[in-house]
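Next come the chains, spelled out residue by residue.
2 protein chains.
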Amino acid sequence: MDSQNIKVAVDPVVFGYENGSLFILLIKQKYGPMKGKWVLPGGFVKDNEPLSVAVARELKEETNVTVDYLEQLFTFGDDVNRDPRGHIISIAYLGLANPKQLDIQANTDASDVNWFEINKLPQLPFDHNQIIKKGLERLQSKVHYKPIGFDLLGDEFVFSDLENLYRTILQKEIDRRNFRKKILSFGLLEETGELRKTGSGRPGAVYRFNKRKYSQLESSGFHFDIKFA
Amino acid sequence: MDSQNIKVAVDPVVFGYENGSLFILLIKQKYGPMKGKWVLPGGFVKDNEPLSVAVARELKEETNVTVDYLEQLFTFGDDVNRDPRGHIISIAYLGLANPKQLDIQANTDASDVNWFEINKLPQLPFDHNQIIKKGLERLQSKVHYKPIGFDLLGDEFVFSDLENLYRTILQKEIDRRNFRKKILSFGLLEETGELRKTGSGRPGAVYRFNKRKYSQLESSGFHFDIKFA
Numbered sequence: 001m002d003s004q005n006i007k008v009a010v011d012p013v014v015f016g017y018e019n020g021s022l023f024i025l026l027i028k029q030k031y032g033p034m035k036g037k038w039v040l041p042g043g044f045v046k047d048n049e050p051l052s053v054a055v056a057r058e059l060k061e062e063t064n065v066t067v068d069y070l071e072q073l074f075t076f077g078d079d080v081n082r083d084p085r086g087h088i089i090s091i092a093y094l095g096l097a098n099p100k101q102l103d104i105q106a107n108t109d110a111s112d113v114n115w116f117e118i119n120k121l122p123q124l125p126f127d128h129n130q131i132i133k134k135g136l137e138r139l140q141s142k143v144h145y146k147p148i149g150f151d152l153l154g155d156e157f158v159f160s161d162l163e164n165l166y167r168t169i170l171q172k173e174i175d176r177r178n179f180r181k182k183i184l185s186f187g188l189l190e191e192t193g194e195l196r197k198t199g200s201g202r203p204g205a206v207y208r209f210n211k212r213k214y215s216q217l218e219s220s221g222f223h224f225d226i227k228f229a
Numbered sequence: 001m002d003s004q005n006i007k008v009a010v011d012p013v014v015f016g017y018e019n020g021s022l023f024i025l026l027i028k029q030k031y032g033p034m035k036g037k038w039v040l041p042g043g044f045v046k047d048n049e050p051l052s053v054a055v056a057r058e059l060k061e062e063t064n065v066t067v068d069y070l071e072q073l074f075t076f077g078d079d080v081n082r083d084p085r086g087h088i089i090s091i092a093y094l095g096l097a098n099p100k101q102l103d104i105q106a107n108t109d110a111s112d113v114n115w116f117e118i119n120k121l122p123q124l125p126f127d128h129n130q131i132i133k134k135g136l137e138r139l140q141s142k143v144h145y146k147p148i149g150f151d152l153l154g155d156e157f158v159f160s161d162l163e164n165l166y167r168t169i170l171q172k173e174i175d176r177r178n179f180r181k182k183i184l185s186f187g188l189l190e191e192t193g194e195l196r197k198t199g200s201g202r203p204g205a206v207y208r209f210n211k212r213k214y215s216q217l218e219s220s221g222f223h224f225d226i227k228f229a
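Residue numbers (full-length UniProt numbering), protein chains in the order written: chain H, 1 to 229; chain P, 1 to 229.
It is worth saying that the hints were derived from the structure and are not from the lab. Incorrect hints may have been included.
Dumping the calculated DSSO-like pairs for lysine-lysine here, alpha-carbon to alpha-carbon at most 27 Å [unchecked claim]:
id	chain 1	residue 1	chain 2	residue 2
1	P	146	H	133
2	P	7	H	134
3	P	142	H	211
4	H	146	P	146
5	P	146	H	142
6	P	227	H	211
7	P	142	H	133
8	H	227	P	227
9	H	46	P	213
10	H	213	P	227
Predicted model only: the values in this text are computed from it and were never measured.
Isolated chain H (complex conformation):
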């Protein structure tokens, strides 16, 4: 193999959750063929740079953000014309974050940065709407068998926050009683002892997700698993 005219990029799809809405982190492109358009905060991989390092670097450079949860999603390269600059494949990553805990700032290739509500996304260039769609599908499927929802909540939350999160991600109503019973049966939520008032109802107990306990359970064969009718 002497030469190959294909370039490799990475694109993070970072989901954020706040007040019953799911958001995606986008930047406004400062240079290039899509100057002035909102796009995913990705870019080209450097020589001798691991893919996972590249995606975290691009995200940090363009948005000032470091997220704890970042997993490989899918590699887009079946449409050889997906980028007007030539044959570029993109390795997409799924990221999860709590917007309140992040200080977003546009930098390097970005002239602006913002969270966009998933149901009100603009028409994006390249195949970025498709990449986001794939990210949402992975998120919707994965919350059933991994407790990744907690990466979208703050460290402490009342139970109705968790219900709202699942309702928002799955875009449907859930059976609250069964959901509560199932989640609590895992023994992974611990009460902080505090109460918090949300909305007009009674104050609710404040919980924390016990990550350490989950790691222990997981390594001994436990499967997190929630079904919705």
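Go by the hints and put chain P onto chain H.
Leaving out everything else, chain P in the frame of chain H:
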């Protein structure tokens, strides 16, 4: 982005199932740094070639095989030294086939081709053992929620074939009575009317998987879902 010294390859991990054993399709490399070694039948993507076309082409060129089931698995590119020829990322694909229905023949970059039992694989060069491990994990997880096992069986099979297949993939015993009840409850297996004798027991009814019915059910929201205790 003016230049980038990264190359893009594809590697198919094709599983075959026969007589209670799970196999992987490997070729003996004819050229290059791993000449004479058994490796996955992959290769470099051509300019302006979609990734899914590239992986099917490499597989066909090197092994003479075309498989019906081929899905993207994972992109390997965190170890920048995974290939001694330079920074090469590999987009791995999971393939499923029935060895009886395939006529394997070594060609182009392959001096030999063969099926290797998954539990008796040689130590492979590059990160190919890791890629196969990832493929097995995907297969083991996916048979719980997609009826992909049928791509590994022949068109017609007795029930014990299906039990053996699941036992082999999951590498553990399964509750036969529950498994049978659950699988039959989907209404996706149809009896051909024939009986087939296997082993020393009574002859068993011969079944066929109704793909068309599954497609219809799936598009109306049905989820294939099997649990094992």
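Right, here's what the structure says about each hint:
1. P:146 with H:133: holds, 21 Å
2. P:7 with H:134: holds, 25 Å
3. P:142 with H:211: holds, 26 Å
4. H:146 with P:146: holds, 18 Å
5. P:146 with H:142: holds, 15 Å
6. P:227 with H:211: holds, 25 Å
7. P:142 with H:133: Holds - the C-alpha atoms of residue 133 of chain H and residue 142 of chain P are around 21 Å apart, at most 27 Å.
8. H:227 with P:227: At roughly 12 Å apart (the allowed maximum being 27 Å), residue 227 of chain P and residue 227 of chain H satisfy the hint.
9. H:46 with P:213: violated, 48 Å
10. H:213 with P:227: Holds - the C-alpha atoms of residue 227 of chain P and residue 213 of chain H are around 24 Å apart, at most 27 Å.
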